[in-house]
Each structure stands twice: as structure tokens, then as C-alpha cells.
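Chains A and B, in that order, are what the protein sequence lines are. Quick note: the first sequence, position 65, residue 65 per this note's numbering, numbers continuous. Add 1000 to a position in the second sequence, counting from 1, and you land on the number used in this note's numbering.
I should point out that these hints are in silico values taken from the structure, not numbers from a laboratory. The beta-carbon is built from N, C-alpha and C at its ideal position, and this holds for glycine as well. Any given hint could turn out to be false.
Cβ-to-Cβ under 8 Å is the rule here; a few derived chain A residues that face chain B [unchecked claim]:
hint, residue
1, M52
2, D140
3, Q146
4, D177
5, A306
6, I308
7, L450
Chain by chain, the residues:
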Amino acid sequence: MSDRNSNPVLNFTRRRALSLGAGAAAAATLVTRPRGASAVTVDINQANVQPMPIAVSDFVGGGSGDAETAQGVSQIITANLRRCGLFAPIDPAAFLEKITNVDAVPNFASWRTINAQALATGRVTRQNDGRLKAEFRLWDVLAGQQLAGQQYFTTPDNWRRIAHIISDAIYERLTGDKGYFDSRVVFVDETGAKERRIKRLAIMDQDGANVRYLTRGDELVLTPRFSPSTQEITYMAYGQGDPRVYLLNIETGQREVVGNFPGMSFAPRFSPDGQRVVMSLQEGSNSNIFAMDLRSKAMTRLTEAAAIDTAPSYSPDGGRICFESDRGGHPQIYIMPASGGAAQRISFGGEGSYSTPVWSPRGDYIGFTRQAGGKFAIGVMKPDGSGERILTEGYHNEGPTFAPNGRVIMFFRDPGGSAGPSLFTIDVGGRNELKVPTPSFASDPAWSPLLS
Amino acid sequence: MKRSFIISSIAHVVVLGWGLVAFAARPNDAPPTEALPVEFISANQLSQMTNGVKNAPKAIENPKPLADKVGDLKPVKELAPKVVDKPEIRTDTAAAAAPPKPEPKPEVKPEPKPVEKAEKPKEPEPKPVEKAEKPKEPKPKPDQVVEELKKDEAKKPPKKLPEFKPDQIAEELKKDDTKKPRTQTKFDANQVAALLDHREPQRQVATAATLSNAASLGVPTGNASHLSQSELEALRAKLISLWNPPPAISSTPDQYVVTIRIRLTRDHRLIGPPEVLNGGSGPLFEATRDSAVRAVIQGQPYDMLSATTYDLWKEMDINFDPREVFGG
Chain A
1 MSDRNSNPVL NFTRRRALSL GAGAAAAATL VTRPRGASAV TVDINQANVQ
51 PMPIAVSDFV GGGSGDAETA QGVSQIITAN LRRCGLFAPI DPAAFLEKIT
101 NVDAVPNFAS WRTINAQALA TGRVTRQNDG RLKAEFRLWD VLAGQQLAGQ
151 QYFTTPDNWR RIAHIISDAI YERLTGDKGY FDSRVVFVDE TGAKERRIKR
201 LAIMDQDGAN VRYLTRGDEL VLTPRFSPST QEITYMAYGQ GDPRVYLLNI
251 ETGQREVVGN FPGMSFAPRF SPDGQRVVMS LQEGSNSNIF AMDLRSKAMT
301 RLTEAAAIDT APSYSPDGGR ICFESDRGGH PQIYIMPASG GAAQRISFGG
351 EGSYSTPVWS PRGDYIGFTR QAGGKFAIGV MKPDGSGERI LTEGYHNEGP
401 TFAPNGRVIM FFRDPGGSAG PSLFTIDVGG RNELKVPTPS FASDPAWSPL
451 LS
Chain B
1001 MKRSFIISSI AHVVVLGWGL VAFAARPNDA PPTEALPVEF ISANQLSQMT
1051 NGVKNAPKAI ENPKPLADKV GDLKPVKELA PKVVDKPEIR TDTAAAAAPP
1101 KPEPKPEVKP EPKPVEKAEK PKEPEPKPVE KAEKPKEPKP KPDQVVEELK
1151 KDEAKKPPKK LPEFKPDQIA EELKKDDTKK PRTQTKFDAN QVAALLDHRE
1201 PQRQVATAAT LSNAASLGVP TGNASHLSQS ELEALRAKLI SLWNPPPAIS
1251 STPDQYVVTI RIRLTRDHRL IGPPEVLNGG SGPLFEATRD SAVRAVIQGQ
1301 PYDMLSATTY DLWKEMDINF DPREVFGG
């Protein structure tokens, strides 16, 4: 897998082709087909997976004064597509045709010349009622067809979100997968000297724009998590006394303590239906996992071990929970039914300890932090523990969180020394590691579900 | 003592030094062998290749030779009589003891064997008398050309005949000469008829007691009309380099195999849009299908395909199978 990490443009199967060799060649053998089929059948069983060249032409301003917004929209789309790693947006300086009329069929030959495979065009117009209308068309340059076309209406100050929604539409049509651009990230913003770090909850768009602070910084905050269904986050805060799990409405700013227990509560996370919060409660020198129903406030004990059980995370169907426990000596990842019961260890990747498991919204992977040999790595494994793959490794990497489509992981990295942590994204294949712009140091990211 | 020690030392050094050189392991120089393209095929594919032709008739119970015409079986003539006895080749003195026998084949020119020239120095006595007689012998040749030739020959023998043994050999040569006119040297258009080969034609209608049209089915493994493996590999390599399937299909790639039929012009370009043969639905199938169509369109022109096999590649089905791409 290391060869996948190094090169964003890669032939997935180069190595496999070598190892399979004979089989692959044999599969190309000509086969005589029965009547009704063509005489020659060719099997293509390898591919060249690489970012797709796409041209995003400057969106056209529908009226005077709309040009700037229109250009901003196309720039956001370009940046989104580039960041996700599946597209290679072409430098607009290379464009041979300037799109002025969005409703006309573009001159495909001139876009083929610059090797574009897809072309996005669009128009942004301020309506008489003050709303903003944004239209886009997605063209298949090679086939000479329109692949998608939509128009959206919104308030003018929401123009960035329109750009994200169009980005998602392009992404979905070309990759066949759900997008994730119209989403937000909550994180812990860190300012000040290392000894007296001020930590505030903050929220931003997934591309780092529109940062907004949710707490004032007079208490230490950790592990914020999004509700999958409401505009709420849950997090842990050290205020006066023991650390507690809180629930915060990001629209109203209203907050409340989750439950009322002696001792500290930490590592909260919502269930997929948003009806429950699962978290750890301190019990002497041990901690166990409990789930609390948010409406009835009823607590359910899920583990009862003489060990530290923490960092629970639901599977997307809500049927199982993965968590971290040191019941075997070192912290490892276990899976148990959502109602509690027998837990099964899934992390067996040699030396080292595994922590902060998080289940992908797709259900196909569990992300984790692995500590081994003095290094912290971010990795993924399948829910049965197989297919473990380290995505990035270094002095300190921690806190993986999945994008809503499960294709990208965000985490934070602390380089050590006097510097502070920053947020990074990497795709689940281990490629395309990118820093997320934040106003200052940042840690503990948590990705929201899609907003729309 | 010291001296013998020195001598012994020197002797040892010399012997060991010689041994080092003499017994030094020589590099095992294997000449580089040319890489032989080898293709592994499964038993299934082998059986498909050796399958033969589907509409071929079954093996005939009592196979008969092909017969176009009812008639008597003609005896097969031996076109060239077998060589029964070859003249012994004499290179030295032994030749004198055993003179070469005359050639038994009527068609073979009785020209002296060059080997026999070696005998020349040993029989230095030409017999001019015999040669002089030669033209006098009665010759039953009907035409002038031959007569002329004979005259020519009469001039030649003094040079050649001395090579041969006297008596028998010369006699034999003369007999041979009388049988074979040497018409090659001159050409007279008026005498063409005489030059024609009057032998029976060799190609004859196959005759037998009954008609039979059972022609051979050919070799079951013969596939001369297939596209060559190198053409196919070049085609595959091109499409592999161009196919960029969406990574999202990696979890269930078996659901996204796309088969595309393409039709090509003689100048290796697509006729019309590629035809997707299998159905499917959902955004992932659409994205995979589009990636395959894009690859096929980008692959133009398919000039790795030879014009001589156009009938084979004018229509092709291409399976884009992501199972191995994301199988690991």
C-alpha cells in the first residue's frame, strides 16, 4: 500500500499485474463467442485510476454586478474538485474557448484539445426578488453530451453553499458516489502559548471557510461530535469540577449537561438516528460505556469490565458499536452489539495500541489511531479487522473523522515542539494528504453529515 | 637446508600460482537467449481454441478419398523414379580400378561429374580416333537443329572426352548423346512444338468409383484468421491506459462490468457512438459506463490493428471488468 501513498496518479494494478501476470494475460485471450455476439471480444481487466481532467469555466454573471460572485462560485468548485483528489482541474489559462452563453453547446473540439474530459459551465444571476439564481451544466467533452444540469435559488450570502452543492452534483455525476462538499466541520480552535492554550469550539465549512466560534474559551473543550439529525453537537468540557459531556445547539447557542452522574463523563458520540448519545463514565480507576436516550434520559450500561472502555462509535445501521479497551493489556479495538454484550477484538496489527475508533458512514471501514514505535498513525481497517491500512504516520496524528461519503478522513497532526496542531485530510486510499486552512492551531475535528 | 627450503617455496608458489590461473573458475557464460513470448492459458481456453468449427460435419464412418468424377482408378505413376543405384564417387586412384557406371536415369544429363576431373592427370592419353568417329555414327534425329547441335558437339569433344576412361565410358557417353538432343543452346521459334513437353499433365481430376465431396475440415487448432496476439495486446494496453473507472465501485466491483460494442472504419475510427450492451442503473453504473465509453472514444484511432484483418476487428465487444482492478 505504500506505493499508493506516494503517487496520486497511479496505476492501481501495476503490481497486481506483475504478480498475476499470467492470469491477466490469459484473460485477454481471444474468445470465440456464440452467435449474436461480435467475433472479437477483448477483456479489459486493468485500469489506470487517476484524477480526471476537468475544465471548470468561469461562471457567467447573469446581470451587472454578478460577475464577481459567479467567478467566486467557479473558483470554489475548482478548489473542491481539486482537494478531493479525484479530479485534476485544468488551469483556466489553457482554455481555448471562453464560455459566454451557458445555454449554447460548447465547442467540444477546443476542450478536447486541452485534454479536458468534462466541462462545467454555469451562470449566476441576481433575481428581482433579491434571491440568487445559480445554474450549471456538466458536459462530457469526449462523448459530446450534457451529463447534468441544475439550477438553484438561495439568498445572496449563501453563495458559497451553492458552490458546494454544485460541486457535489458534479462529483456525484462523474464518480457515481455521494459528494461531501456541502458539509461542515466542528473542531477545537487553539490559540495562545502552549502552557496556557485557549481552546474554543469552532465550526467551519469543510473547505475552511466561514469559521464561527461556539464557545468563549473559558473552559477546556475536547472531542466535539455532530448530531446526524439535528443542529446539535456534543462535546466534553472541563469547567468547574469534573469534565462533563455537554449538548450544544449551534443555532441557538443553548447548551445542557448530558445526564447527571458522579465522576467524569467523556468521549461522547451520537447514534446514527440522533436519538442517543453513547459515552464513557468513570467508575473508580476504570471506565465503562453507557448509552443515554436523549428524550427519556435513561442510561443503559453497555460494558462492565475491569478496564478502561472508551471511544465508542456506532456502525451506520446502529446495530453495533466499536470501542477502545485495554482489557487485554494494551488499548485495542473491539466490537460489540449496540445493546452491549460480548465484545470481539478486531485489531491485531502487530505491536502497538489502537485507539479512537470511528465507524465510516459507509460502513466499510473503521478509522483508528495507532500508536507504535513512538509514532502515531492514522489508518483504516474493515469492520472484521482485515484489510488494515496505515494512511499516514508521524510524531503525532490523532482523531480521525470521516467525510459524509466515507471517502475522506480528516485528522489532526501535532508536529511537536512549540508549534500546535493542524487539521489535515487524506483519502481512504492513503492519497492526497492536504492541510485544511484554519485561522490558528486546530485539533479534534468532527465532520458533519451532508447539510442537504 | 635453507636452499632446499627456498627451492621448495618457489616451487610451491609457482605450482599454486599456476593452479590459480589454470583452475580459476571461468564465468559460466551462457549466451543470452532471446525472450520467448509465452502466454499462459487456462485449460478452458485451450479447449475453446481447439474446439474446431461448430458447423463442421461429424467424422465420416468410412472415409473415402475425394472424388470429383466417376471413373476407373488410375494407377499412380511415380513421377520421378527412385534412385536405385548412385554412381560411386571416386576421388583418387581408386577410380581407376572401378570406373563409374553410366547414369541409369533417362532424363539426367550425362554430363561428366566434376569429381571425375580429378582423374584427368592419370589418364593423359586422349583417344582422338574415337572422337572423330562420333559424328559419323548414324543418328536418327529428324531435325536440322539437332544436326547442327551434333556438329557443335563434334567440335567440343576434344576438350571434354579426355577426362574419361577410354573404351566403355566413351562408348556409354556416345550412346547417351544419341538419346538426348541438346536443344537448349539455340532457340528456333518455328520449332517450338518440338520443344513442348508432351508428357501427360500431372493434375488430374480425382476419380473414384463413387463421388465424394468430403474435404478436409482443417486443423482443429488452426487459427490463422485470428487477430495476432500483439495486436490484441496493443489494443488492451491502450484501453487500460485510458480507462479511469470511478474508485467508488471498489467495494462491489462485480456489479459494474460494462460491455461495449464498437464498430470501426477501415481507417481505425469509430462508426457512430459506442454501444453499451449490458444494462444497469444507478449513479455508480452510469459513472462506470461513461468511463468505459470515454476510454473507447479516446482510444481512436486504433491503428495497432492491421488492415488485413479488418473483417475481424470491424466489430468488437470490449468488456471493461473492474473486478481485478479493485480486487485487492
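Hint check:
{"no.": "1", "hint": "M52", "in the structure": "6 Å, holds"}
{"no.": "2", "hint": "D140", "in the structure": "7 Å, holds"}
{"no.": "3", "hint": "Q146", "in the structure": "12 Å, violated"}
{"no.": "4", "hint": "D177", "in the structure": "4 Å, holds"}
{"no.": "5", "hint": "A306", "in the structure": "38 Å, violated"}
{"no.": "6", "hint": "I308", "in the structure": "33 Å, violated"}
{"no.": "7", "hint": "L450", "in the structure": "15 Å, violated"}
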